[in-house]
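Undergrad: Okay, here's what each chain looks like letter by letter:
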Amino acid sequence: MLKISTAPHLNTPLSTRSIMLHVIIALLPALFVGLAVFGLNALLVVLTSVAACVGFEYLFCRYVIKQSPSTWDLSAIVTGLLLAYNLPSDIPLWMVLIGSFMAIIVTKMVFGGIGKNMFNPALVGRVFLFISFPVQMTTWPIPKPFEFMNLDAETSATTLGILKHSDIVDTSQLPDYWQMFVGNIGGCIGETSAAALLLGMFYLLYKRIINWYIPFYYIASFFMLISIHWLITGDIKYDPLTHLLSGGLILGAVFMATDYTTTPMSRSGKIAFAIGCGVLTYVIRVFSVYPEGVSFAILIMNAFVPLLDNIYIPRLFGRQRRA
Amino acid sequence: MRKKTFPLGGIHLDKHKLTSSYPIVDAGLPDMVYIPIKQHIGAPSKILVQKGDKVKVGTLLADADGVVSADIHSSVSGEVVKIDDIIDADAYPETMIVIKVEGDEFEPDIDLSPDIIRDIPYSPAEIVDKIRRAGIVGMGGAGYPTPIKTTIPEGKKVDTLIVNGIECEAYLTADDRLMVEKAEEIIIGAKIINKALGIQNAIIAIDENKPEAIRILSDLSKKYVGVNVEVCQSKYPQGAEKQLIAAITGREVSPAKLPVDVGCIVQNVGTVFAVYEAVQKNKPLYERIVTISGDDAAENLGNYRVRIGTPASFIIAKSTSHPKHIGKIIFGGGMMGVSAVNMDAPLTKLTSGILLLNDKDAVKPPETACIRCAQCVDACPMGLRPFAIASAIKNNDFAELKRLHTLTCIECGSCAFVCPARIPLLDYCKLGKLEVKKQS
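One line per chain: the protein sequences are A and B, in this order.
Residue numbering for the first sequence follows our numbering, starting at 1 and increasing by one per position.
Residue numbering for the second sequence follows our numbering, starting at 324 and increasing by one per position.
Treat the hints with caution; some may be incorrect.
[Claimed, not checked] Here are the simulated lysine-lysine pairs, DSSO-like style, with alpha carbons at most 30 Å apart: (1) B:K580 / B:K377; (2) B:K546 / A:K116; (3) B:K760 / B:K580; (4) B:K717 / A:K3; (5) B:K580 / B:K756; (6) B:K361 / B:K760; (7) A:K3 / B:K479; (8) B:K756 / B:K687; (9) B:K683 / B:K717; (10) B:K361 / B:K683; (11) B:K725 / B:K753; (12) A:K207 / B:K641; (13) B:K683 / B:K760; (14) B:K361 / B:K453; (15) B:K546 / B:K326; (16) A:K207 / B:K687; (17) B:K340 / A:K116; (18) A:K66 / B:K717; (19) B:K546 / B:K453; (20) A:K207 / B:K327; (21) B:K687 / A:K116; (22) B:K326 / A:K207; (23) B:K379 / B:K369; (24) B:K760 / B:K479; (25) A:K207 / B:K580; (26) B:K326 / A:K3; (27) A:K3 / B:K641; (28) A:K66 / B:K687; (29) B:K641 / B:K377; (30) B:K753 / A:K3; (31) B:K480 / B:K518; (32) B:K405 / B:K379; (33) A:K116 / B:K725; (34) A:K3 / B:K361; (35) A:K3 / B:K756; (36) B:K453 / B:K405; (37) A:K3 / B:K683; (38) A:K116 / B:K717; (39) B:K369 / B:K604; (40) B:K361 / B:K753.
FYI, nobody ran anything at the bench for these hints, they're computed from the structure.
Chain A with its partners taken away, still in its complex shape:
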């Protein structure tokens, strides 16, 4: 029996599922650093978050919309990992469950599931927890590399927290750039190691899962603004390299601001989105009460995506370039 179909008769090997798999692979280096630095607690948070995200999506598909579960596209695992990466390792696990619920059910599934959500699910989960439980979300275990079973974590502020809330900064309290680069600093599970995150970024770029524009324009625009601010004020609080290497900038720029569903479709739209993220991150980090602005910046820009999609449309072949 001959089968018939319309053209084209070929497909790229890349599918939704394999894209998600590549993202999971790209997230692994940061996971290893997170586990090495924060130990068993971090592992529990990651496992809880992933299991909860997958479970919530499965249950929602099965019992609420009564469709065959869409969890096999692996996107819930990506959300679970990203949520965990944005949490401190000593957060109570029931809070992780609440975050997962906000991410998967409230942000993703009720909007129609994969591809339909307006906001980045993991970031909504994180920000919800951040606003609801500010104390737990802003105390950070002191990194203890390779002491896996160490559960009685002492806590301290993050580097950005120290910079934000001290009138006179004691520079001896600050980790050096190398420690920040490899990830031996306080912070969320997945955000501390710039090296591991960049490794993941290069993997995604090599596999052509993401374009370079969003990470580049996001980081570059933020770096430029904070550098100018630093040069004008001369204040160590605004040291550009510290702002680049600590906190969630690289995690956000590489893995959250590149989320397909919640970013614009065209190249120019993506660039506008990324610059918007950079500017907002700068504004929040420098002028607001929060030491960290990446989550809010990306979520605010998520809301502009439909607008950007309408403004920045690709150039039509045979028409003049946009002036």
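Since the structure of chain A is already known, use the hints to place chain B on it.
TA: Below, chain B without anything else, positioned relative to chain A:
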């Protein structure tokens, strides 16, 4: 220097060229040929023969009906046994002239010698007339009658002939082999068309995955003034007319405009070779080169010289002893080819390949939700937003289709190829074009 290419979109299909090193071999004669009287864009030709008539190779079977139409010739010698509507590859009934093959006798004025004739003694009008009488149409797949494209319309200025040796379609190597084996004939064919057009400049465009053709044609073209080879990147759809013009000249043909509006004429290498044979050898278009390919459904792949009207099953029997494993037969390439309902459907002037897919590859994966990855936007060579066209159709928002410039879609299928959610975006675009046309 970076090799030339078109400005927007495009995809990479490199790994599917399995038969580029297979020399062209003669497919031989089937028992019966089925010659459709419409193998071109425009009006079906007027039938000149009746049941019982004896014909030779090259005998005129049907006459062009008007300017946008083409002559049809017999590809075999024998007897006309039937003239009837027969189901074609794409499931539509087409009027076909069925000829029972007897011997292999040619019309006497066809020059079958292998000599290359370099001298072009004919006037432009004579050249166009010879092309018309040979029934030549655009063999890249469009099937636009070539006489129209060898005459410059009143008020237009043309400065460049682009000979399209790109063949960016998946699996096809017929043009590649033709360029390797008939290089000089193609160059002379280009000179002939240039003489008809009254212009001096011909560019043979070849993509970089055909090193042998590039080498041979570059060397030979040095002997001919006004014929040059230009190497383009291997990217699909580099061979699409507007994309090729943009790559070679930097000029973009606006929507609803034609290549002549930017001073270019594009002819496929197969067409140019047919022009050479028609003008220098008095040979009508009764055979063409066809690639038989597929990853594992067939064991004997290759490039065949096939008489027009040969049933696909005749060629398929040559290439595989297990026709059972064939899940899908495609007339043309993997990206734009038509999947055949009828294994006995005949090959026409426009059939550049027969592609055999196994049972597994024949099944299209199910459509899943759009994840807004923007791959279709990045792939579209026309700067369209296929995802938006698809959702406009799903929402019955037909006014939106016009705003999205749906009509400019060239139906290359790049969007559907790259879609990780396996959304049949090309189907939505084609549907969108129909809806827009219906409104206006």
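Undergrad: A separate judgement is required for each hint: does it hold in the structure or not?
TA: Do the hints match the structure? See the list:
This hinted pair does not check out: K580 (chain B) and K377 (chain B) have alpha carbons roughly 45 Å apart, beyond 30 Å. The suggested pairing of K546 (chain B) with K116 (chain A) is violated, with an alpha-carbon distance near 61 Å, which exceeds 30 Å. For a cut-off of 30 Å, the pair hint linking K760 (chain B) to K580 (chain B) stands: about 17 Å separates their Cα positions. A hinted pair counts as satisfied when its Cα atoms are at most 30 Å apart, and K717 (chain B) with K3 (chain A) qualifies at roughly 26 Å.
Between K580 (chain B) and K756 (chain B) the CA atoms are separated by roughly 17 Å; this keeps the pair inside 30 Å, and the hint holds. Taking the CA atoms of K361 (chain B) and K760 (chain B), the gap is near 24 Å; set against the 30 Å cutoff, the hint holds. At roughly 46 Å between alpha-carbon atoms, K3 (chain A) and K479 (chain B) are farther apart than 30 Å, so this suggested pair is violated. With a C-alpha separation of about 23 Å, the suggested pairing of K756 (chain B) with K687 (chain B) holds against the 30 Å cut-off.
Among the hinted pairs, K683 (chain B) with K717 (chain B) is consistent with the structure: their alpha-carbon atoms are about 29 Å apart, no more than 30 Å. A distance of roughly 34 Å separates the Cα atoms of K361 (chain B) and K683 (chain B); the hinted pair therefore is violated under the 30 Å criterion. Taking the CA atoms of K725 (chain B) and K753 (chain B), the gap is about 13 Å. The hint holds against a cut of 30 Å. Between K207 (chain A) and K641 (chain B) the alpha-carbon distance is near 40 Å, which puts this suggested pair outside the 30 Å criterion.
A threshold of 30 Å between alpha carbons decides the hint, and for K683 (chain B) with K760 (chain B) the separation of about 36 Å lies outside it, so the pair is violated. A threshold of 30 Å between alpha carbons decides the hint, and for K361 (chain B) with K453 (chain B) the separation of about 20 Å falls inside it, so the pair holds. Restraint check for K546 (chain B) and K326 (chain B): the C-alpha separation of about 24 Å stays at or below 30 Å, so the hint holds. For the suggested pair K207 (chain A) and K687 (chain B), the alpha carbons sit about 24 Å apart, so the restraint of at most 30 Å is met.
In summary, the hint linking K340 (chain B) to K116 (chain A) is not supported, as the alpha carbons are separated by about 38 Å, beyond the 30 Å threshold. Taking the CA atoms of K66 (chain A) and K717 (chain B), the gap is near 22 Å; set against the 30 Å cutoff, the hint holds. Proposed proximity of K546 (chain B) and K453 (chain B) is supported: the alpha carbons are some 26 Å apart, at most 30 Å. Of the supplied pair hints, the one linking K207 (chain A) and K327 (chain B) holds, its CA atoms being roughly 24 Å apart against a limit of 30 Å.
Between K687 (chain B) and K116 (chain A) the CA atoms are separated by roughly 24 Å; this keeps the pair inside 30 Å, and the hint holds. Simply put, K326 (chain B) and K207 (chain A) have alpha-carbon atoms about 23 Å apart, close enough for the 30 Å limit, and the pair holds. Using a Cα cut-off of 30 Å, the hinted pair K379 (chain B) and K369 (chain B) holds, with the two alpha carbons roughly 18 Å apart. Among the hinted pairs, K760 (chain B) with K479 (chain B) is consistent with the structure: their alpha-carbon atoms are about 28 Å apart, no more than 30 Å.
Between the alpha carbons of K207 (chain A) and K580 (chain B) the distance comes to roughly 38 Å, so the proposed pair goes past 30 Å and is violated. Only pairs whose Cα atoms come within 30 Å are accepted, and K326 (chain B) paired with K3 (chain A) is rejected, the gap being roughly 39 Å. Restraint check: the Cα-Cα separation between K3 (chain A) and K641 (chain B) comes to about 21 Å, which is no more than 30 Å; the hinted pair holds. Restraint check for K66 (chain A) and K687 (chain B): the C-alpha separation of about 25 Å stays at or below 30 Å, so the hint holds.
At most 30 Å may separate the alpha-carbon atoms for a hinted pair to count; K641 (chain B) and K377 (chain B) meet this at roughly 28 Å. This hinted pair checks out: K753 (chain B) and K3 (chain A) have alpha carbons roughly 21 Å apart, not beyond 30 Å. Proximity of K480 (chain B) to K518 (chain B) is assessed by CA-CA distance (about 15 Å); at most 30 Å being required, the pair is judged to hold. Taking the CA atoms of K405 (chain B) and K379 (chain B), the gap is near 16 Å; set against the 30 Å cutoff, the hint holds.
Restraint check for K116 (chain A) and K725 (chain B): the C-alpha separation of about 24 Å stays at or below 30 Å, so the hint holds. With a C-alpha separation of about 25 Å, the suggested pair K3 (chain A) and K361 (chain B) falls inside the 30 Å cut-off, and the hint holds. Taking the CA atoms of K3 (chain A) and K756 (chain B), the gap is about 26 Å. The hint holds against a cut of 30 Å. Proximity of K453 (chain B) to K405 (chain B) is assessed by CA-CA distance (about 29 Å); at most 30 Å being required, the pair is judged to hold.
For the hint linking K3 (chain A) to K683 (chain B), the alpha-carbon distance of about 10 Å falls within 30 Å, and the restraint holds. For the hint linking K116 (chain A) to K717 (chain B), the alpha-carbon distance of about 15 Å falls within 30 Å, and the restraint holds. Taken as a hint, the K369 (chain B) and K604 (chain B) pair is honoured in the structure, with Cα atoms around 25 Å apart against an allowance of 30 Å. Of the pairs offered as hints, the one joining K361 (chain B) and K753 (chain B) holds, with about 23 Å between alpha carbons and a cut-off of 30 Å not exceeded.
Hints 1, 2, 7, 10, 12, 13, 17, 25, 26 from the list above are not met by this structure, while the remaining hints are.
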